[in-house]
Each structure stands twice: as C-alpha cells, then as structure tokens.
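> Here the structure of chain A is known, so what remains is to put chain B in place on it, guided by the hints.
Respectively, the protein sequence lines represent chains A and B.
Heads up, the first sequence is in this note's numbering, so the first residue is 1 and it goes up one at a time.
Heads up, the second sequence is in this note's numbering, so the first residue is 1 and it goes up one at a time.
Hint data in this document are derived by calculation from the structure and do not stem from the laboratory.
Hints are not guaranteed to be accurate.
Simulated crosslink set (EDC-like; lysine to aspartate or glutamate; CA at most 20 Å straight-line) [as the list claims (entries may be wrong)]:
| hint | chain 1 | residue 1 | chain 2 | residue 2 |
| --- | --- | --- | --- | --- |
| 1 | B | Lys112 | B | Glu73 |
| 2 | B | Lys60 | B | Asp44 |
| 3 | B | Lys69 | B | Glu59 |
| 4 | A | Lys131 | A | Glu240 |
| 5 | B | Lys120 | B | Glu59 |
| 6 | B | Lys176 | B | Asp208 |
| 7 | B | Lys378 | A | Glu197 |
| 8 | B | Lys378 | A | Glu244 |
| 9 | B | Lys330 | B | Asp313 |
| 10 | A | Lys11 | A | Glu62 |
| 11 | B | Lys330 | B | Glu285 |
| 12 | B | Lys336 | A | Glu62 |
| 13 | B | Lys279 | A | Glu244 |
| 14 | A | Lys148 | B | Glu309 |
| 15 | A | Lys95 | A | Glu62 |
| 16 | B | Lys378 | A | Glu62 |
| 17 | B | Lys378 | A | Glu240 |
| 18 | B | Lys40 | B | Glu92 |
| 19 | A | Lys11 | A | Asp42 |
| 20 | B | Lys442 | B | Asp396 |
| 21 | A | Lys201 | B | Glu285 |
| 22 | B | Lys279 | B | Glu260 |
| 23 | B | Lys378 | A | Glu249 |
| 24 | A | Lys212 | A | Glu244 |
| 25 | B | Lys382 | B | Glu324 |
| 26 | B | Lys120 | B | Glu74 |
| 27 | B | Lys243 | B | Glu254 |
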Amino acid sequence: MKNFLIPTTLKEDTIGAVKTAVNLAKGNDCKIILMLISETPDTYSSPSSFLREIINKSTANEENILHICREIVSKFDNCSLKIHNQYGISSPVFKRIIEHFSLNLIIVTHSYHQEEKRIIQNLVQLLDNQKCPILHLGAMENQDVFNKALYIENTASTIPIEDLQQFITKNFCSQIVSMTSDIETTNLEEFTPYLTEVINKNGVNLLVKTRKPKKIKLKKSPKQDNIIFLGLSVLSLYEEMVLEHNFQELSLT
Amino acid sequence: MNIRKKITFTYVALSTLSTLLLCIVVFFLFRSNNQYYFLKRLEDRAKIVASIHFQNNPEKIKYYSELKKNGLEELLNEEDFVLKINSKNTFEYNPNINLTNEFYTNILKNGKDWLEIDNKYYLGQIFQENNQKYIVIISAIDRRGNETTINIVRIMLFGSIGFLILAFFLGRILAKRVINPVARITKEVNRISASNLHKRLPKNSSSDEISDLSKTFNHMLDRLETSFEIQTNFINNASHELKTPITTIIAESEIMLLKERETHEYITSLENIYNQASKLGNLTESLLKLTQTGYDGKKQVMDIIRIDELVMDVKSDIDNIYPENRVTIKLNLAPKNSNMFLIPCNRPLLELAINNIISNGVKYSNNDEVFVTLTADKNLIKITINDIGIGIPPEDIPHLYEPFFRGEKAAKYTGYGLGLPLAMKIIRMHDGELHVQSEQNKGTIVTIIFNKSNIKNSNVNS
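So that you can see chain A by itself, here it is in the shape it has in the complex (with noise of 0.2 Å):
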C-alpha cells in the first residue's frame, strides 16, 4: 500500500502531481490524497457565519481538473482518489495527517510553491520537519519518469550514499548517477554549467536532498530553494526516516 498527498490549489499541475502518483505506485494498492487548504473562518460572530464561510466553492476550472485526476484515477484499478479539506494548519496537525493517512511520499506541485496565500506558505514551510519523503515537482513537463538521480549531498550529512542508494532503488526505482556536495554553499552560478552539463550528459530526471531536523520560524515570504530554478523534480529525504527505514529492512532479512 503507498499513499501519496498532494497538498493542491486545484492548478493546472496537479494532473501531473496525480499521474506521478499512480506511476510511482507501480501497480501496488495505492491512495492518493489530495488536500485542500484553507483558512479557518471566523467563529466570532455566529455559528451560521462559520457554517456559511466553511462551504467550498470551486470554480468551473477548478471542477474541471479535479473532474480529469478523477479520470485518471479510475483507469487504474489499483488507486483510489480521495479529497480531503483542512481548515488551519500547523506543525502538530499536520503530523498528525501524515500519521492518519499513513502517507509514504508527499508530492508537491510546482505552482504550490508559487502561491501566495499566507496559510499555504506556512504550510509550505512546516513541509520541511515532517519525516515524511517530500517530492517537489519541477516546472517542466511531463516529469513523470525518475530513473536517474542526482544526489546533492549536505555539508553536514551524516547518510552514507549506499543506504540512500538502497532507499531510492526500493521506492522509486531510480538509480543515484552522480553526486555533488550542496550548492548553497558555492557560488551556484559559477557551478550551473557544470550542472546542467552533468544533467544532461547522464540524462538526470531527478534530484534527491537530504534534510535534517532544524527550527521552523513561519516567515512571511519564505526562502525559495536554490536547487528549485534548476526545473527539475527534487525528492527531499529526511535523513533519520532513511537510516530506520533500511534498518528495518535488515532486522526483517
């Protein structure tokens, strides 16, 4: 069974999101979440104002693409399409959805990173602290596909590449080609060319990060990640989840 979450605005990408989904599924049992956020309306006033406020309303376009996700969806007999509202965020509740739901991987899509809303930006950010995989979907199209990854490894990661290596082949069939320590602390524009020559002589289709737990400060306009301009998908790993993930496997063998 594998479980992905979508957080979405119901934006174009969001098919794109879901078809990553049911390919990453690989025939195996799989739900896909997809979540809409909002505010919580004002409970002041009167319970009918809240009752009022709390109802969805979706734009024609909107209906549109979750009418398509739906399609996609019910050509596969082994996934299911379920949308799920959230009214209010924060770090303990969102764990807690990640728990409900049992979610393996959560794909977020390029424009959600875009988006402005203050309540998304914040849940943008929380994304970070949560153990689960985060895969962020880069700006070009049809990335369905990952077979070949680049690792771009964190000055102060502790993983040893074999274990990412062994987690990435067993849960996105994509194999690590090449590795370079994180750009953030070069000068990315000295290093792009480099970069990109790599990508494209070994066919890169994906990144993968590692990321270790750190202090969220809910900022009004967060920092945008440098590796995000590079347009490709980046799957973000946290790095403890990697380590008790391949642990369990040994003690299973």
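Below, chain B alone, put in the same frame as chain A:
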C-alpha cells in the same frame, strides 16, 4: 615583536596584574583586621575606666586601677576621659580633648563611635550608672599595627618583585613550549619547494591544533602537488593515456580493412570504434578539466558508480589491447549487498587509474596471471591487484611516483613511467590510498583502498 616575546610579556603582565590585585586585597584586609582588634582593646579599657569611675569602694578602685595598669599591655599615649551627660544633647565638655562635634553627636546618637587622627585612635562609648549617663573616651596610638602594616607592605613588595622575575622565566618556558611545534612546522615547510613537493610534514598522533595545522598543510600540499604536476605534465599524461584508445581504434580499423566484410561486421566494428572514440573524448575532457581547474575536490560533480562494474569495464578494455591476458577478477569475497561497492568518483579518471595499474601487472608479468580481488565493507572499498611478474627492486620503490622514472629492469618493456604517478594522483584525489608491495622476480601486490567517510555509519546489509 615575535610571538615568543609577546607570549612572555603577556604572561608577565597578567601575572603582575593578578599579584597586584592580591596584594591590594591582602593589604586592606590586614589593615582592617588590625583596626578591629585595636578598637576591641580600647573597648576593654573603656569598660575598666567606667568601672573605676563608678566605684565607690576605694579598694575596688585601687584593684581596677592596678588591673588596668599591670594586667593590660601598655599603650602609647594612652588617655582616658569621662564626661557626664546632662541632657539629651548636652554634656560636660573637657577642653583637653580636641575632637570634632560630629564625633560627639554620633556617640550621643548611636552610643558608640571611633575616630582615627594621625594614627591615634579615639573610642567613645556611653555607660549608664544610677540613671546617670557618661561618655567614656579612650585614646591611644596603635604603634604595633602601624609597624606590622609597614612590614607586610615590605614583604609584599619584595615578594612581588621576586614573583615577577619568576613569572618572566616561566613565561619564557611557556612561550617556548607553545611556539616550538610551530617553529618545527615552519622549519619542515621551509624544506619543501617546487622541486620536492612530494615531501610531507611528519604525522602527529595527537589531535591538538598543531597536528590539525600539519594535517591541513599536508592536505594543501597534496592538492598543490596534484594540480602542479597534472598541469605541468598535461601533454605527457594526455599522450600517454590517449595512446590506448587510439591503438584500439587503429587496430580495429586495420582488421576491418584487411578484406571486404558483411554489413553486420562493419556495424559491430564501427560500434567498437565509436565506443573507444567517445571514451577518448571523455578522457580528454576530464584531463583538460583537471588541468584547467586544478583539483580542489569540492567543485566537481561526481559520478556514483559501482566499483565492480568499473573493474569489469577495465577488464574488457584490457582484453582489447592484450588479447592473451590472464586477468581474473575475484568477487568471492565481495559483500552480498552490491550497494557497498558504490563510490562517488570521476569515472573516466578512476577508470584510467585502475586500467594503468592492471595493465602494468599484465605488461610486467609477460601476460602471466593477474588477480584482481574486490572487497568492501562499511568503512572501505579495497582493490588488490596481484601479479607474478618481474617485481620491483626495493631501491626503486621510493621513486615509483616520480613521473618518467623507469626502473632498470623495466627498461626492456615499452613505457614512459607516467602511468603509475598519474594513477597515484587520481586515487589520492578520491581520498584513496595506494600501496605497493613487491619482491623482485616474484611479483607485485598493489592495494588500492578507498575510505568511506568515518562518521557515516551505514545500516546497509553487508
């Protein structure tokens, strides 16, 4: 001023400061202690004077006077006065005592006060007898206190001077101890120049800052040497390393051109030529990039490959050049999990390095058996290349990594003495070690070890 002097002077200055502070504290504590005990003595006397004054019994007056005179130690310029208090603010004034009004006011207010004028202490206290209050004033000079104070100041002065001299010598010893390792490193580094860049500072087993410094120096020298030699030897290296693929291409085309052939044979042959040519391209590019940027180990995008696959590729290359070779790759000691063989590297360069070493084995053993053993675990990947060839005489071993060095025995084999030095440098770039063990006419064992980062502990099943 050099650091040694700086350390000495800083040490002396700090010692002086702390000694001075200590002296000041001791001086004031000593003085106040003296004062306290002297005033206590004056208080005792005041009590006795009051007792004498209040007594009606002449016997007792005589007894107390005797006690005061003989029982207590005599004080210099001792005087006592008893003044009768008339009302709250007035008392019988004695013109012989010349003291400030404030003193009297304080006595009347608090019942007690003391005063020091020119080393003479005045103590005033109120006593009461039959509802009549009296002020008793005792005055005396504290000669002994004064003398002891002067004494202690003298002791402290000479002590401090002695201590400062001691501090100066101790500071010099300290400075010497601190500076010595640095001076040693300076001496060692001075010996290293462009002509002997392969020299390194001696390894220090301790983990202090100084050994960090020598480690950093050694790392820097590694990088410098590699960049320097790769840049100066670019043409040599390029010509040497490009020879192999070119030979293959020429051989392949020659064979094809011998007679007319079927289309599929041409296709296979052209594929081979294409493969070799693209390898040539990659290699040139890697070497060029290396020459261009030097090697700082950080800027590069590394390929993640499996070392066993790389060795297999090398083997198939060698098959092309030495068709009769007897290279055997042993994987029976290899770990179950193939991910253990993963290594981040620059693929064309590492392939070149391993190719050079295995080819040497084949070449210098006249196509005899060469065993390549691969092992890996959590901490390292090890490649052992074992041949039964002519071996290397012990006197040649230190010169193995010098470009263009050719041993006497090796002279009858074609070669330029460039393969191993370059291989060594490439392996060092990948944080690896290259060890050569050899016995003449018996064979050579070359061991390549790649250390995986120590802090990263893997859970992968080995």
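> Each hint needs a verdict: does it hold in this structure or not?
Do the hints match the structure? See the list:
About 23 Å separates the Cα atoms of Lys112(B) and Glu73(B), which puts this hinted pair outside 20 Å; it is violated. For a cut-off of 20 Å, the pair hint linking Lys60(B) to Asp44(B) stands: about 17 Å separates their Cα positions. Simply put, Lys69(B) and Glu59(B) have alpha-carbon atoms about 15 Å apart, close enough for the 20 Å limit, and the pair holds. Taken as a hint, the Lys131(A) and Glu240(A) pair is honoured in the structure, with Cα atoms around 8 Å apart against an allowance of 20 Å.
For the given pair, Lys120(B) sits about 32 Å from Glu59(B) by alpha-carbon distance, which is inconsistent with the 20 Å threshold. Of the pairs offered as hints, the one joining Lys176(B) and Asp208(B) holds, with about 17 Å between alpha carbons and a cut-off of 20 Å not exceeded. Restraint check for Lys378(B) and Glu197(A): the C-alpha separation of about 32 Å exceeds 20 Å, so the hint is violated. In summary, the hint linking Lys378(B) to Glu244(A) is supported, as the alpha carbons are separated by about 17 Å, within the 20 Å threshold.
Restraint check for Lys330(B) and Asp313(B): satisfied, since their Cα atoms lie roughly 14 Å apart, inside the 20 Å limit. Distance hint between Lys11(A) and Glu62(A) is fulfilled; the C-alpha atoms sit about 7 Å from each other, no more than 20 Å. Between Lys330(B) and Glu285(B) the CA atoms are separated by roughly 32 Å; this puts the pair beyond 20 Å, and the hint is violated. For the suggested pair Lys336(B) and Glu62(A), the alpha carbons sit about 51 Å apart, so the restraint of at most 20 Å is broken.
Only pairs whose Cα atoms come within 20 Å are accepted, and Lys279(B) paired with Glu244(A) is rejected, the gap being roughly 40 Å. Using a Cα cut-off of 20 Å, the hinted pair Lys148(A) and Glu309(B) holds, with the two alpha carbons roughly 17 Å apart. Simply put, Lys95(A) and Glu62(A) have alpha-carbon atoms about 27 Å apart, too far for the 20 Å limit, and the pair is violated. Restraint check: the Cα-Cα separation between Lys378(B) and Glu62(A) comes to about 51 Å, which exceeds 20 Å; the hinted pair is violated.
A distance of roughly 18 Å separates the Cα atoms of Lys378(B) and Glu240(A); the hinted pair therefore holds under the 20 Å criterion. As the CA atoms of Lys40(B) and Glu92(B) are separated by approximately 26 Å, the hinted pair breaks the 20 Å bound. A hinted pair counts as satisfied when its Cα atoms are at most 20 Å apart, and Lys11(A) with Asp42(A) does not qualify at roughly 26 Å. Annotation: proposed proximity of Lys442(B) to Asp396(B) holds, straight-line Cα distance about 15 Å (limit 20 Å).
Between Lys201(A) and Glu285(B), the direct Cα distance comes to roughly 13 Å. Compliance with the 20 Å bound is thereby established for this hinted pair. The straight-line distance between the Cα atoms of Lys279(B) and Glu260(B) is roughly 27 Å, outside the 20 Å bound, and the hint therefore fails. Of the supplied pair hints, the one linking Lys378(B) and Glu249(A) holds, its CA atoms being roughly 17 Å apart against a limit of 20 Å. For the suggested pair Lys212(A) and Glu244(A), the alpha carbons sit about 14 Å apart, so the restraint of at most 20 Å is met.
Of the supplied pair hints, the one linking Lys382(B) and Glu324(B) is violated, its CA atoms being roughly 26 Å apart against a limit of 20 Å. For a cut-off of 20 Å, the pair hint linking Lys120(B) to Glu74(B) stands: about 15 Å separates their Cα positions. For the hint linking Lys243(B) to Glu254(B), the alpha-carbon distance of about 16 Å falls within 20 Å, and the restraint holds.
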